[in-house]
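Generate the whole structure from the sequences, applying the supplied hints.
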Amino acid sequence: MKKLALLSALLTLALPTAAQAQTAAKPVTVRLQLKWFPQAQFAGYFVAQAKGYFKAEGLDVQLLPIGDQSPIQTVATGAADFGTTWITDLLTARQQGIPVVHIAQMFQKSGFTLVALKSSNLTKPADFKGKRVGLWPSGNEYPAVALMKKYGLTTSLDSTVANPSVQAVTYPFDPSIVFPDKVDLVSAMTYNEVDQIVGLGYSADKLKIFRASDYGINLLEDLMFTSQKVLDDKNFKGSGLSGKEVAARLVRASIKGWDYAVKHKAEAVNIVLPLCGNTCKGSGTRSDAKAHQTWQMNEIAKLYNAGPTLQGRAGYLDPAAYKANVALLRDLGILKADPSADAVNYSVWQEASGKK
Amino acid sequence: MTTAPTPRPARRASNVLPMLAVALVAVLIYWPLMLWANAGQAARSLASGADLGCGTALQCATQLRNPVIPAPGQFASGFQSLSVPPLAATSAPYNALVTGGETLLGLALASLLGLILATLLVRSRSFERATLPWLVASQTVPIVALAPMLAVLLGQFGVQGFFPKAVIAAYIAFFPVAIGMVQGLRSPDPLQLDLMRTYRASPAQTFGLLQIPASLPYLFTSLKVAATAALVGSIVAEISTISFSGLGKMLAENSRASDTVALWVIMIYGAALGIVLVALIGLLERLVTRWRPSA
Amino acid sequence: MATQRVTVPLAAPRPLSGWPLLLLSGLGLLGLSFALARLAAPPTSPALWLLGVLLLLLLGIFGIRQSAQGETLAARTVPAAATLILFVLAVEALLRTYGVPTGLIPTPSKVMQSLWAARSVLLQDAYYTFILEALLGFVIGAALGLLLALFAVRFRFLERGLLPYAALLSSVPIVALAPVVIKAVGLGWPSKTIIVAITVLFPVVINTVRGLQSAQRMHLDLMHSYAASPTQVFREVRWPSALPFVFTALRVSSTLALINAIVAEFFGTEGHGLGFRIQIEVGRFGLDIVWAAIVVASVIGISFYLLIAAAQRRLLPGR
Chain A
277 MKKLALLSAL LTLALPTAAQ AQTAAKPVTV RLQLKWFPQA QFAGYFVAQA
327 KGYFKAEGLD VQLLPIGDQS PIQTVATGAA DFGTTWITDL LTARQQGIPV
377 VHIAQMFQKS GFTLVALKSS NLTKPADFKG KRVGLWPSGN EYPAVALMKK
427 YGLTTSLDST VANPSVQAVT YPFDPSIVFP DKVDLVSAMT YNEVDQIVGL
477 GYSADKLKIF RASDYGINLL EDLMFTSQKV LDDKNFKGSG LSGKEVAARL
527 VRASIKGWDY AVKHKAEAVN IVLPLCGNTC KGSGTRSDAK AHQTWQMNEI
577 AKLYNAGPTL QGRAGYLDPA AYKANVALLR DLGILKADPS ADAVNYSVWQ
627 EASGKK
Chain B
207 MTTAPTPRPA RRASNVLPML AVALVAVLIY WPLMLWANAG QAARSLASGA
257 DLGCGTALQC ATQLRNPVIP APGQFASGFQ SLSVPPLAAT SAPYNALVTG
307 GETLLGLALA SLLGLILATL LVRSRSFERA TLPWLVASQT VPIVALAPML
357 AVLLGQFGVQ GFFPKAVIAA YIAFFPVAIG MVQGLRSPDP LQLDLMRTYR
407 ASPAQTFGLL QIPASLPYLF TSLKVAATAA LVGSIVAEIS TISFSGLGKM
457 LAENSRASDT VALWVIMIYG AALGIVLVAL IGLLERLVTR WRPSA
Chain C
27 MATQRVTVPL AAPRPLSGWP LLLLSGLGLL GLSFALARLA APPTSPALWL
77 LGVLLLLLLG IFGIRQSAQG ETLAARTVPA AATLILFVLA VEALLRTYGV
127 PTGLIPTPSK VMQSLWAARS VLLQDAYYTF ILEALLGFVI GAALGLLLAL
177 FAVRFRFLER GLLPYAALLS SVPIVALAPV VIKAVGLGWP SKTIIVAITV
227 LFPVVINTVR GLQSAQRMHL DLMHSYAASP TQVFREVRWP SALPFVFTAL
277 RVSSTLALIN AIVAEFFGTE GHGLGFRIQI EVGRFGLDIV WAAIVVASVI
327 GISFYLLIAA AQRRLLPGR
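Residue numbers (this note's numbering), protein chains in the order written: chain A, 277 to 632; chain B, 207 to 501; chain C, 27 to 345.
List time: in silico SDA-like cross-link candidates among lysine to any residue, alpha-carbon distance up to 25 angstroms:
#1 K505(A) / G125(C)
#2 K458(A) / Q269(B)
#3 K566(A) / P291(B)
#4 K482(A) / D257(B)
#5 K505(A) / T70(C)
#6 K407(A) / L252(B)
#7 K400(A) / A256(B)
#8 K394(A) / G259(B)
#9 K566(A) / F285(B)
#10 K405(A) / S146(C)
#11 K458(A) / Y153(C)
#12 K566(A) / S287(B)
#13 K566(A) / G259(B)
#14 K482(A) / Q269(B)
#15 K458(A) / C260(B)
#16 K612(A) / S146(C)
#17 K510(A) / Y124(C)
#18 K510(A) / V126(C)
#19 K394(A) / L252(B)
#20 K566(A) / V290(B)
#21 K425(A) / R145(C)
#22 K407(A) / P216(C)
#23 K566(A) / S451(B)
#24 K566(A) / F450(B)
#25 K482(A) / A263(B)
#26 K405(A) / S254(B)
#27 K394(A) / D257(B)
#28 K458(A) / T268(B)
FRET-style restraints, in silico, Cβ to Cβ:
#29 L234(B) / P216(C): 20 to 28 angstroms
#30 L318(B) / N546(A): 44 to 52 angstroms
#31 M138(C) / K407(A): 35 to 43 angstroms
#32 M138(C) / P440(A): 23 to 31 angstroms
A short list of chain C residues far from chain B (calculated; beta carbon distances all over 12 angstroms):
#33 P46
#34 A66
#35 G78
#36 P134
#37 L141
#38 V165
#39 P216
#40 L248
By construction, these hints were calculated from the structure, which means they are not laboratory data.
Every residue, glycine too, gets a C-beta built ideally from N, C-alpha and C.
Here it is, written out as structure tokens:
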């Protein structure tokens with residue numbers, strides 16, 4: 277305990293901002309729901325944790341891993357206070373009446389791809405017709421569905437289509453279960469599964485990678501969100517802070533963690549590695565956890581260092597990008613109507629960054 | 207759902223030799239099956255241009271990174287990496303203990319709730335008529351599918367970690383236990399009930415001294431049936447909710463990490479856990495019902 | 027089964043006396059739901075509505091008590107039916123009172139609408155999950171189980187060597203088995219059929235062997251004194267005495283078969299099946315479809331169970 281007090285005292289000295297005046301009080305416990313098991317995808321939050329950025333904001337942050345569920349459900353029901361997820365997940369949840377609110381956009385570019393073997397001679401999305409595509413359930417299938425819908429293809433994921441043109445195969449995230457024997461195309465994140473497929477023995481020159489963003493499907497991924505209830509809370513968990521203030525502090529510390537992580541990748545990887553068990557490993561020839569996470573950190577940095585981040589506005593949801601995402605989802609019929617204005621709360625980011 | 211307790215057959219030491227023989231046959235089948243299954247997989251991978259670091263399909267069969275059936279060496283190293291040291295957070299024995307604990311707590315909860323419900327069912331005819339058909343029907347419903355949703359709902363009330371998994375295990379074990387208990391509470395025959403009456407026993411005494419003891423064998427029989435289902439419940443709950451330990455969490459993790467060998471190892475631990483749980487209940491049964499004259 | 031209670035109805039029971047209360051309760055709850063549906067937003071003071079729901083439920087409980095008196099057919103069936111209907115109506119009213127979003131818990135009426143809207147896809151899913159996976163797996167598992175049991179009883183060596191394993195393997199949790207089998211066999215329906223067959227196999231083997239051995243010594247001795255052939259002994263004594271045991275195993279397995287097929291689908295499918303539908307729609311907050319799939323699965327599960335129970339009654343009258 278003494279050590280912690282000393283540490284927070286030091287940090288208070290090092291970062292004398294107005295907010296720190298209150299950190300002498302008991303830190304506020306905040307549960308942040310990650311979208312996955314611990315890995316470099318969340319390096320920014322782990323760095324913020326390890327470097328004491330959260331503590332400096334007067335927050336005691338628990339980073340929760342998740343399995344088959346959507347983070348939306350744990351946040352909406354109050355099992356977690358904040359969460360990270362993808363924008364389609366958030367907007368479809370709102371459409372179903374779940375009051376969740378976007379507060380910060382961490383990744384500015386989509387890392388979603390569909391991967392095929394070059395030898396399968398698939399060169400453009402229209403070629404997917406009649407093929408078998410491996411997809412992940414739990415709201416992770418939307419980018420692929422959007423890509424296929426854009427090219428007039430339907431999938432068996434739709435509970436209203438009886439004769440789909442593409443056979444969707446769901447599998448529990450491990451590409452080796454289905455690829456390349458059982459599906460022609462498989463979902464892969466640039467920062468994770470692509471390397472796992474390489475690990476299966478298919479080097480990059482044997483693969484044809486369809487990046488969703490190259491085909492105009494740039495659905496934004498990792499963002500931070502919370503529930504309307506938390507934002508409206510005048511006294512978050514009896515801490516004396518408003519929910520919005522807590523959100524701003526969390527976002528501020530997270531952005532700081534992310535900025536540090538993408539600048540010091542090796543150090544970030546070393547912080548992440550002890551936190552994950554088997555989930556940090558790649559597969560096959562690329563199974564070494566450190567190698568896989570180093571590579572993941574590099575790819576993640578590309579998704580973070582794009583768009584607004586390059587203009588010094590990390591965490592900002594570019595309204596133009598948001599509009600484009602909504603328009604795309606509406607075109608595809610995934611969203612039935614425009615989300616209401618309170619789907620995104622810009623004031624949290626403004627308070628966190630001090631920018632307009 | 208009449209699952210009357212059956213007397214346990216006498217153990218025979220002479221089972222050892224036949225069991226060994228069957229095990230030997232299984233091993234003899236395993237070896238060519240493993241080679242055949244893996245070689246097929248390897249051949250397809252090689253044909254699609256994968257670089258596996260080995261020459262022919264047969265050579266690759268024992269060293270595939272993602273084998274269909276692991277080779278003996280892979281089993282050995284998989285077991286070692288997941289079992290040593292046994293109580294580390296990432297090792298299977300520790301996680302099996304966590305899952306086993308959740309399941310046992312769940313079974314205890316289920317017994318308590320089952321007893322209460324069974325008492326109501328036996329005492330009130332209108333309650334029985336109103337609910338019993340649905341209790342029986344509920345056993346045919348895939349309640350496991352509801353486990354994730356239930357865990358989310360419990361999380362809302364700040365119930366997290368160990369307890370929600372036990373609740374889900376209880377939820378799954380609860381119906382068979384309740385129905386077994388109803389049978390048990392009704393098992394004393396009219397003669398015995400008459401005897402209690404001639405002793406001027408109060409209804410509460412009849413219940414506590416005759417019906418409850420008479421229902422114990424039924425309780426244990428249904429607990430043994432329910433144990434595996436409850437174990438499935440706690441593992442599914444671990445997979446689908448926030449969890450930091452347990453076999454389900456390992457299963458989810460390793461399936462994400464493409465570690466096929468680990469999945470096999472965890473399956474064997476899961477099987478062993480199921481067997482141990484049933485054996486534990488059997489042991490408890492013998493301790494609790496020792497006073498019963500062996501029929 | 028239960029000991030027959032000696033209760034002779036002295037006065038004629040009044041089976042219809044519960045009806046007014048039941049009707050009042052049911053219509054009242056229905057009325058509440060309609061009133062709530064007319065409101066633009068969920069009521070600001072839900073406590074009053076909650077009180078209404080609870081009062082109406084209480085009335086309903088009294089009604090159920092009343093209608094459960096006596097031994098008429100109505101007294102045996104009405105309470106259960108009323109319980110289900112009132113429960114569903116109360117859930118509907120409560121969910122509307124508190125404005126619970128469909129993405130968390132859908133109202134029963136919404137579930138029914140979605141069930142109707144998605145009927146063709148759900149039927150197709152049910153075909154995969156029930157016919158191809160659960161039923162086929164059940165038949166294969168049961169047939170193999172019977173065969174193995176016959177061998178085990180015929181050859182003592184097999185019984186001693188195999189049966190202990192069967193007893194052990196019957197307590198293997200299916201979730202541990204599923205990922206490995208699906209990895210080995212593939213994502214299509216056959217992998218699920220195999221999983222179902224495995225989970226059905228062991229209980230059938232164990233119960234059948236137990237049943238075949240349950241023939242009474244006296245009967246066997248009698249057959250022996252008649253100089254009956256082993257086939258005759260089997261047909262006349264062993265098999266009839268084994269049948270009740272076999273049916274117990276079949277009934278328990280019939281419910282497990284469907285549940286296990288659904289759980290196994292959580293570990294990978296080719297885009298068909300009720301388990302697949304549940305999994306994918308949970309992720310999309312389409313909980314109305316999830317519940318619709320559960321309703322379909324339940325109806326099938328209950329029908330299958332009743333079918334097997336009816337077959338047992340046909341083949342084994344008097345039990």
